[in-house]
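Colleague: Sequence:
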Amino acid sequence: MSPIPLTYRIIFNYVEPLLATLGAIQVVIAPRDLLRLSLPSVPYSPALYPLFPQMCGAWLMFAFHDVVTLRIYQDVHIWKHILGAAIFSDLGYTTGLVQSMGPAWFFNPLRWDGANAFTVVSTLLPLLAKILFVLGVGLPRPAPRVKVSDKEL
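The end of the sequence shown is residue 153 by UniProt numbering, with every number in the run present.
Be a bit skeptical, because a hint or two may be false.
To be verified - Across the chosen pairs, the derived CB separations fall in these ranges: (1) 73 <-> 118: 28 to 36 Å; (2) 74 <-> 99: 31 to 39 Å; (3) 148 <-> 117: 52 to 60 Å; (4) 115 <-> 146: 50 to 58 Å.
Rather than coming from a laboratory, the hints here were simulated on the basis of the structure.
Backbone N, C-alpha and C fix where the C-beta goes; we use that ideal spot for every residue, glycine too.
From just these sequences and the hints, can you work out the full model?
Modeller: Have a look at this one:
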């Protein structure tokens, strides 16, 4: 039985890699649309194109770790390290969204259209799940260590 709760396994082994893969596909096939959705204040220019394969590579790396590495290693410590690293990426992406949309727009769901809502929600919910996991929310407590003489078991 896995020490990783089912909710986290569903989020990180299925939902997030699907979103990352779809984002990677979109960034290659329709970079203008992705830019419009994620950074609406930035006009598309062909000079920006080299950034899109970089984003694609990063998102595919996250999808790989979610689908492969986290499935192979059902170890809470490994999951915390991988998801902890992904938090930094998500924070950078979220910072870009806030800067592009503007804080008044980003933090006001009443101003969002469907595309804004999808972009913000699909970014913030996985980020929140990663933070909760790294903080240990919902994880089983580790077994207490028993000290026998000078050695821990």
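Colleague: Kindly indicate which numbered hints from before are broken by the structure, ordering the numbers from low to high.
Modeller: none
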